[in-house]
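In the working numbering, the protein residues as written are 837 to 1026.
Hint data in this document are derived by calculation from the structure and do not stem from the laboratory. Keep in mind that a hint or two might mislead.
Lysine-lysine pairs mimicking PhoX-like chemistry, simulated, CA-CA at most 20 Å apart [claimed, not checked]: (1) Lys-842 - Lys-961; (2) Lys-915 - Lys-904; (3) Lys-854 - Lys-990; (4) Lys-842 - Lys-966; (5) Lys-904 - Lys-971; (6) Lys-961 - Lys-854; (7) Lys-971 - Lys-982; (8) Lys-847 - Lys-908; (9) Lys-990 - Lys-855; (10) Lys-930 - Lys-842; (11) Lys-842 - Lys-915; (12) Lys-990 - Lys-862; (13) Lys-966 - Lys-990; (14) Lys-966 - Lys-847; (15) Lys-966 - Lys-982; (16) Lys-850 - Lys-966; (17) Lys-930 - Lys-961; (18) Lys-930 - Lys-862; (19) Lys-971 - Lys-855; (20) Lys-847 - Lys-858; (21) Lys-842 - Lys-854; (22) Lys-842 - Lys-982.
Have a look at the derived ranges for each label pair, beta carbon to beta carbon [as the list claims (entries may be wrong)]: (23) Ile-1011 - Tyr-978: 17 to 25 Å; (24) Pro-919 - Pro-988: 40 to 48 Å; (25) Gln-1016 - Gln-851: 37 to 45 Å; (26) Gly-1014 - Ile-878: 20 to 28 Å; (27) Asn-955 - Val-839: 20 to 28 Å.
For each residue, glycine too, the CB sits at the ideal point set by N, CA and C.
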Amino acid sequence: MAVDYKFYDIKLVKQNQKKLIKDAIKAHDRFQFAYGKFLKEINSTSFFRYYSFVCLAAGSSLYYLLFKEVRKNIRSFYKKKGPLWFQCWLNLHKQDEVLAWHNHEDCTFHGYISIDPKNTETEFKDFTVKNEAGKMYLGPAYKHHKVNVLSPFKGQRITIAFDVVNADDFKAMEIKYGPQDINTGYIPIW
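Produce the complete structure using the sequences and hints provided.
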């Protein structure tokens, strides 16, 4: 079976993890300020369709550099010309909030970057990934996956997740959901 996914080692995260954690929490505070007053129970993962973490992390020079590298890796992984957009959100979870089985079927491909993954792994149906700070995954959107906690942890596990769409998949989403319910967090990748 051919491997249809890829990992990238982002040294910027390993070298600047504490500052990236601090900036992610600051961005989450912005998220709560912007959306928390309208909804009683809201988290940045379940509300992913309506914001972009790229915008929440504006002002962080480290996230600026990180997103430049993410963009480069996305273009390298896709290997086709043409427009791409990506939707990026913050996963900030306590031990009992990690993600159960799910996939990202509406997009072209999916990825995530571990910022502070704690001692966890991401289990796919046909392989498992030991999460480490700075590890970036890119692969097909249809692959079901979940997070397993390998040992108890305090605080919050932090990852940045994203979906990428090409023009055809974006049009298909617009037909499926209608123009009024299209994901508003997508931004172009040059």
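Each hint, compared with the structure:
no.	hint	verdict
1	Lys-842 - Lys-961	holds, 16 Å
2	Lys-915 - Lys-904	holds, 17 Å
3	Lys-854 - Lys-990	holds, 16 Å
4	Lys-842 - Lys-966	holds, 14 Å
5	Lys-904 - Lys-971	holds, 15 Å
6	Lys-961 - Lys-854	violated, 32 Å
7	Lys-971 - Lys-982	holds, 16 Å
8	Lys-847 - Lys-908	holds, 14 Å
9	Lys-990 - Lys-855	holds, 19 Å
10	Lys-930 - Lys-842	violated, 27 Å
11	Lys-842 - Lys-915	holds, 13 Å
12	Lys-990 - Lys-862	holds, 19 Å
13	Lys-966 - Lys-990	holds, 19 Å
14	Lys-966 - Lys-847	holds, 17 Å
15	Lys-966 - Lys-982	holds, 12 Å
16	Lys-850 - Lys-966	holds, 15 Å
17	Lys-930 - Lys-961	violated, 24 Å
18	Lys-930 - Lys-862	holds, 17 Å
19	Lys-971 - Lys-855	holds, 17 Å
20	Lys-847 - Lys-858	holds, 17 Å
21	Lys-842 - Lys-854	violated, 26 Å
22	Lys-842 - Lys-982	holds, 17 Å
23	Ile-1011 - Tyr-978: 17 to 25 Å	holds, 18 Å
24	Pro-919 - Pro-988: 40 to 48 Å	holds, 44 Å
25	Gln-1016 - Gln-851: 37 to 45 Å	holds, 43 Å
26	Gly-1014 - Ile-878: 20 to 28 Å	holds, 23 Å
27	Asn-955 - Val-839: 20 to 28 Å	holds, 25 Å
Hint violations for this structure: numbers 6, 10, 17, 21, all remaining hints satisfied.
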